[in-house]
Amino acid sequence: MIFDDIFGGFATLFSDSYAIWFVVLASFVGIVFGALPGLTAAAAIAMMLPILIAYNDEIGGLAGLAFLYVIGKSGRYGGSIAAILFNTPGTAASAATMQDGYPMTQSGRPGKALKTATVASAYGDYFGEFVLIFGAVAIAAFTRQFGPPENFAIYLMAFVVIGSVVNDSVVKGIISTLFGAFIALIGEDTITGQFKMTMGIDELESGMALVPLLIGVFVISEVIIQAEKAAKTSAVKYAAASLDDPTSQYFTWSEFKRCVPLMFRSSIYGSLIGMMPGLGSSVACFVAYGEEKRKAKNKEKWGTGVVEGIAAPESANNAVSGPSMIPLLTLGIPGSTIAAVLIGMFLVNGLQPGPSIFATEPPLFMGGQLVSPREFIFGIFAAGLVGIACYALIGYFAAPWIGRTIALLPTQYLYPFIFIIALAASYSSRASIWDVGFALLFGLIGYAMRRTNFSAAAFIIAFVLTSSMEEAFRQSMIISDSGLMIFFSFEYQNKFSYAPIFLIIGLAVLVMRAVSPYLGKGKSNA
Amino acid sequence: MKFSKRALFGIAAAATFTASAAVADYPEKPIKIMVGFSAGGGTDTTARGFASYMHEAESMNGQPAYIVNLPGASGQKAAKAVLGEKSDGYTLYMINIGTFSVGELAKGKDRPYSVMDDFTNLGCASQLVTSLQVHTSNSAKSMQEYIDQVKASGKTVTWGTSGATTMHSGIGNFFFDAYGIPHKMVPFKGGSKARAALVSQSVEAVFGGVNTVVGFEDDIRPLASAGADRDPTAKELPTFKEQGLDGVEFTGLMCLFAKSDVPDEVKADVGKAIEQISGIKGFKKYMGKNDLAAFYTSSADATAAQAAMFKTMAPVVEKILANN
Numbered sequence: 001m002i003f004d005d006i007f008g009g010f011a012t013l014f015s016d017s018y019a020i021w022f023v024v025l026a027s028f029v030g031i032v033f034g035a036l037p038g039l040t041a042a043a044a045i046a047m048m049l050p051i052l053i054a055y056n057d058e059i060g061g062l063a064g065l066a067f068l069y070v071i072g073k074s075g076r077y078g079g080s081i082a083a084i085l086f087n088t089p090g091t092a093a094s095a096a097t098m099q100d101g102y103p104m105t106q107s108g109r110p111g112k113a114l115k116t117a118t119v120a121s122a123y124g125d126y127f128g129e130f131v132l133i134f135g136a137v138a139i140a141a142f143t144r145q146f147g148p149p150e151n152f153a154i155y156l157m158a159f160v161v162i163g164s165v166v167n168d169s170v171v172k173g174i175i176s177t178l179f180g181a182f183i184a185l186i187g188e189d190t191i192t193g194q195f196k197m198t199m200g201i202d203e204l205e206s207g208m209a210l211v212p213l214l215i216g217v218f219v220i221s222e223v224i225i226q227a228e229k230a231a232k233t234s235a236v237k238y239a240a241a242s243l244d245d246p247t248s249q250y251f252t253w254s255e256f257k258r259c260v261p262l263m264f265r266s267s268i269y270g271s272l273i274g275m276m277p278g279l280g281s282s283v284a285c286f287v288a289y290g291e292e293k294r295k296a297k298n299k300e301k302w303g304t305g306v307v308e309g310i311a312a313p314e315s316a317n318n319a320v321s322g323p324s325m326i327p328l329l330t331l332g333i334p335g336s337t338i339a340a341v342l343i344g345m346f347l348v349n350g351l352q353p354g355p356s357i358f359a360t361e362p363p364l365f366m367g368g369q370l371v372s373p374r375e376f377i378f379g380i381f382a383a384g385l386v387g388i389a390c391y392a393l394i395g396y397f398a399a400p401w402i403g404r405t406i407a408l409l410p411t412q413y414l415y416p417f418i419f420i421i422a423l424a425a426s427y428s429s430r431a432s433i434w435d436v437g438f439a440l441l442f443g444l445i446g447y448a449m450r451r452t453n454f455s456a457a458a459f460i461i462a463f464v465l466t467s468s469m470e471e472a473f474r475q476s477m478i479i480s481d482s483g484l485m486i487f488f489s490f491e492y493q494n495k496f497s498y499a500p501i502f503l504i505i506g507l508a509v510l511v512m513r514a515v516s517p518y519l520g521k522g523k524s525n526a
Numbered sequence: 001m002k003f004s005k006r007a008l009f010g011i012a013a014a015a016t017f018t019a020s021a022a023v024a025d026y027p028e029k030p031i032k033i034m035v036g037f038s039a040g041g042g043t044d045t046t047a048r049g050f051a052s053y054m055h056e057a058e059s060m061n062g063q064p065a066y067i068v069n070l071p072g073a074s075g076q077k078a079a080k081a082v083l084g085e086k087s088d089g090y091t092l093y094m095i096n097i098g099t100f101s102v103g104e105l106a107k108g109k110d111r112p113y114s115v116m117d118d119f120t121n122l123g124c125a126s127q128l129v130t131s132l133q134v135h136t137s138n139s140a141k142s143m144q145e146y147i148d149q150v151k152a153s154g155k156t157v158t159w160g161t162s163g164a165t166t167m168h169s170g171i172g173n174f175f176f177d178a179y180g181i182p183h184k185m186v187p188f189k190g191g192s193k194a195r196a197a198l199v200s201q202s203v204e205a206v207f208g209g210v211n212t213v214v215g216f217e218d219d220i221r222p223l224a225s226a227g228a229d230r231d232p233t234a235k236e237l238p239t240f241k242e243q244g245l246d247g248v249e250f251t252g253l254m255c256l257f258a259k260s261d262v263p264d265e266v267k268a269d270v271g272k273a274i275e276q277i278s279g280i281k282g283f284k285k286y287m288g289k290n291d292l293a294a295f296y297t298s299s300a301d302a303t304a305a306q307a308a309m310f311k312t313m314a315p316v317v318e319k320i321l322a323n324n
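Sequences listed follow chains F and U, in order. Sequential numbering from 1 applies to the first sequence in my numbering. Sequential numbering from 1 applies to the second sequence in my numbering.
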């Protein structure tokens, strides 16, 4: 049955004249954005989203969604290039990769490091993708039973988990989360339709838009940081000198065999972390690195340039990609910033993310053909599978070349150019000059957050989750005959409630974090 | 400001001819149709399908129509924008009369405009039909069986709908109040979320569009639909009226609106175009694929339906607002 769906997904993908090319393009674009120091897959997606929405009718929904989905994967991989070659993480997801990646480059083995990262990323990504494919449908069949009380409990759990785990400082994590929630409350009240905190600005009546917020926090704040760097040092010195003949260096078969059990375990960590809303690649890579280093026999060599030190974080951070879609597809809750952006793209195509997304009817009219929602979703899964192969091939053979090209890019032209594109993208999403202003404002706020170690990711995810959480809370209150007790009771509307279970999980995470700074220990290895 | 030769000629021509003679040639340029919701929803789908056949209508002189989406405040942002344009018939507004009317009522004293006074209904090409839906595990097979069942239980019914003040929620409140059934309304953000609540049996009933049941027949059983006649997309589903409830003989007709002071030529030409396009095979097929029905309702009939809707909905919406 599920294999029929997978083959159907490939059929949907390959019968779409645009989608397959967008997958190939996304593999490349993601690697480049990921490899550019400071710019992430989320930044690439934020800038591409308005363009894709504008041309949605022309290129078809599958091409647009597949494009964004694959950028999420290839961008996570691309970050490893910057980490290994420049000792600056291209994305937070590859920060752990630096620890053994850069020493390998310094010792003249950048090619080996890059190839290890490529193989491990693809391994982890395929692992995660299969967890998604086999897990999502089964979980969706189960989450169909969830109503507002369960949904609220899950949101609350996600808030607690994000707030307490995303950052070294629990307090800063929680403040970042609350700030995102506060911004999300601007706009029309879900239940009464009245306007809140709009300050008389018409543009705010439908709430703060996600695109200018993302562009501000992920792109403009980065441009400011780069400008600051450029002002301090005239030229950034990259250790790209030893790249002369990296193609002669291989990730050998014996090294691969040695790394398989470790990549398998790291992929499991990555998948589990990916399924939790709010945690992401950056947590996964440190957990995998810390855990595998602890288990390793050659502990003392970790940090000096061992392949295991690259294979563990790289397989873990890419294994996050697939499973982070599970909360989105089974509950309608975005587990990551990338998933948050994908919601917009789903809605434009008439699909509401949630357990009923795997329905076989009514058909959607896309790119001149009728496709069921289920076929469409499996088309995206197929795009993911093809996309992994694409970025792995590009990365395996061209990563040193991409790295060298980026090292040669004059940053004094690159970042101003990105700044202009970012402003254009924030304007184009709603054709509103206000949104450009909001993007700039949140660029400054994002910059301040990063300088003071508040979490931008927690801020964005909280922003996205809040209105749904508020909605679920107030719906629960209407349904409830006993006020707040509905969340602690195993029954409402004469059916079993799972809400207390999620509250217990949330509480357990908080207690764990408070009692034993387990994840913090992983990070202290950084 | 620079003018092309052609534009200068146009300005001169307009100055020379009388106003009525000038608009007799309406339309002379493409027509903008504003949509108050983002791309992909029911209104946008209908508007895009409709616009793609505009140039085929004889009264349109071969001029095309294009869509501009201006989402916000349940379509009210776009409606306000239309009122800000000239009354020349080159900016039209597409929305269903349910959302349009109830949206106005829901703003209470802050209503931004009057649908009946500030806009003129030019005719309609489709409709959204409200229905009463229960879970398939419910034993009731008809509206009357359902009423008897909930009355016998003596319990308060918890029901869901796509928003607090919509045509669907208004009809739901009207229904339960008409039969004296104690009830609690749970508003969701959109029809698909209300549907998910019914599938999970978190609510006992839903008032929502007939089209939202498609694909969920194993979970959801519709019991009655609004409108004077049965919905052409669900002919086996009896209406509320057939089953003994008067007052909801209206549906959310999907209509084109213009500012109320547009010239009569505009009203006549666009009205004819709507009638003709509603009958075009390609348009019918397009709408059918989207689980919507293409059929024509004249300006006069649609305006009467709007008046009926205001009459039924005004007290209902007032009560919803008072309860919030």
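Calculated from the structure, these hints are not laboratory results. In this text the structure is predicted, and so the values were computed from the model without any measurement. Where is the CB? At the ideal position from N, CA and C, for every residue including glycine. There may be inaccurate statements among the hints.
[To be verified] Going by beta-carbon spacing under 10 angstroms, a handful of chain F positions derived as facing chain U:
{"hint": "1", "residue": "D4"}
{"hint": "2", "residue": "Q145"}
{"hint": "3", "residue": "L351"}
{"hint": "4", "residue": "E471"}
{"hint": "5", "residue": "I478"}
{"hint": "6", "residue": "S482"}
[Stated by the list, open to error] Listed next, the in silico DSSO-like pairs over lysine-lysine satisfying Cα-Cα at most 30 angstroms (straight line):
{"hint": "7", "chain 1": "U", "residue 1": "K151", "chain 2": "U", "residue 2": "K189"}
{"hint": "8", "chain 1": "U", "residue 1": "K189", "chain 2": "F", "residue 2": "K196"}
{"hint": "9", "chain 1": "F", "residue 1": "K196", "chain 2": "U", "residue 2": "K235"}
{"hint": "10", "chain 1": "U", "residue 1": "K184", "chain 2": "U", "residue 2": "K272"}
{"hint": "11", "chain 1": "U", "residue 1": "K32", "chain 2": "U", "residue 2": "K267"}
{"hint": "12", "chain 1": "F", "residue 1": "K495", "chain 2": "U", "residue 2": "K155"}
{"hint": "13", "chain 1": "F", "residue 1": "K196", "chain 2": "U", "residue 2": "K107"}
{"hint": "14", "chain 1": "F", "residue 1": "K196", "chain 2": "U", "residue 2": "K109"}
{"hint": "15", "chain 1": "U", "residue 1": "K281", "chain 2": "U", "residue 2": "K319"}
{"hint": "16", "chain 1": "F", "residue 1": "K196", "chain 2": "U", "residue 2": "K151"}
{"hint": "17", "chain 1": "U", "residue 1": "K272", "chain 2": "U", "residue 2": "K285"}
{"hint": "18", "chain 1": "F", "residue 1": "K495", "chain 2": "U", "residue 2": "K151"}
{"hint": "19", "chain 1": "F", "residue 1": "K196", "chain 2": "U", "residue 2": "K80"}
{"hint": "20", "chain 1": "U", "residue 1": "K86", "chain 2": "U", "residue 2": "K151"}
{"hint": "21", "chain 1": "U", "residue 1": "K184", "chain 2": "F", "residue 2": "K495"}
{"hint": "22", "chain 1": "F", "residue 1": "K495", "chain 2": "U", "residue 2": "K141"}
{"hint": "23", "chain 1": "U", "residue 1": "K141", "chain 2": "U", "residue 2": "K77"}
{"hint": "24", "chain 1": "U", "residue 1": "K77", "chain 2": "U", "residue 2": "K151"}
{"hint": "25", "chain 1": "U", "residue 1": "K189", "chain 2": "F", "residue 2": "K495"}
{"hint": "26", "chain 1": "U", "residue 1": "K189", "chain 2": "U", "residue 2": "K311"}
To see whether the hints hold, each was checked on the structure:
1. The interface hint given for D4(F) is broken, as the beta carbon of that residue sits about 18 angstroms from the closest beta carbon of chain U, more than 10 angstroms.
2. Interface restraint check: Q145(F) against chain U, minimum CB-CB distance 5 angstroms, threshold 10 angstroms, status holds.
3. Using the Cβ-Cβ criterion of 10 angstroms, the hint placing L351(F) at the interface with chain U is satisfied: the shortest such distance is roughly 9 angstroms.
4. Taking 10 angstroms as the C-beta contact cut-off toward chain U, the hint placing E471(F) at the interface holds, the least distance being around 6 angstroms.
5. At about 5 angstroms, the closest approach between the beta carbon of I478(F) and any beta carbon in chain U falls short of 10 angstroms, and the interface hint on this residue holds.
6. Of the supplied interface hints, the one on S482(F) is violated, with its beta-carbon coming no nearer than about 14 angstroms to a beta-carbon of chain U, more than 10 angstroms.
7. For the given pair, K151(U) sits about 29 angstroms from K189(U) by alpha-carbon distance, which is consistent with the 30 angstroms threshold.
8. The hinted pair formed by K189(U) and K196(F) meets the criterion: a straight-line CA distance of about 17 angstroms does not exceed 30 angstroms.
9. Of the pairs offered as hints, the one joining K196(F) and K235(U) is violated, with about 43 angstroms between alpha carbons and a cut-off of 30 angstroms exceeded.
10. Our distance criterion of 30 angstroms between C-alpha atoms is broken by K184(U) and K272(U), whose separation comes to about 44 angstroms.
11. A distance of roughly 15 angstroms separates the Cα atoms of K32(U) and K267(U); the hinted pair therefore holds under the 30 angstroms criterion.
12. Between K495(F) and K155(U) the CA atoms are separated by roughly 16 angstroms; this keeps the pair inside 30 angstroms, and the hint holds.
13. With a C-alpha separation of about 14 angstroms, the suggested pair K196(F) and K107(U) falls inside the 30 angstroms cut-off, and the hint holds.
14. At most 30 angstroms may separate the alpha-carbon atoms for a hinted pair to count; K196(F) and K109(U) meet this at roughly 17 angstroms.
15. The suggested pairing of K281(U) with K319(U) is violated, with an alpha-carbon distance near 43 angstroms, which exceeds 30 angstroms.
16. Proposed proximity of K196(F) and K151(U) is contradicted: the alpha carbons are some 39 angstroms apart, above 30 angstroms.
17. Distance restraint check for K272(U) and K285(U): the Cα-Cα separation of roughly 20 angstroms lies within the 30 angstroms cut-off, and the hinted pair is therefore satisfied.
18. Only pairs whose Cα atoms come within 30 angstroms are accepted, and K495(F) paired with K151(U) is accepted, the gap being roughly 21 angstroms.
19. A hinted pair counts as satisfied when its Cα atoms are at most 30 angstroms apart, and K196(F) with K80(U) qualifies at roughly 20 angstroms.
20. Proximity of K86(U) to K151(U) is assessed by CA-CA distance (about 54 angstroms); at most 30 angstroms being required, the pair is judged violated.
21. Taking the CA atoms of K184(U) and K495(F), the gap is about 18 angstroms. The hint holds against a cut of 30 angstroms.
22. A threshold of 30 angstroms between alpha carbons decides the hint, and for K495(F) with K141(U) the separation of about 22 angstroms falls inside it, so the pair holds.
23. With a C-alpha separation of about 41 angstroms, the suggested pairing of K141(U) with K77(U) is violated against the 30 angstroms cut-off.
24. With a CA separation close to 42 angstroms, the supplied pair K77(U) and K151(U) exceeds the 30 angstroms bound.
25. Our distance criterion of 30 angstroms between C-alpha atoms is met by K189(U) and K495(F), whose separation comes to about 23 angstroms.
26. With a C-alpha separation of about 26 angstroms, the suggested pairing of K189(U) with K311(U) holds against the 30 angstroms cut-off.
In terms of the numbered hints stated before, the structure departs from hints 1, 6, 9, 10, 15, 16, 20, 23, 24, listed from lowest to highest.
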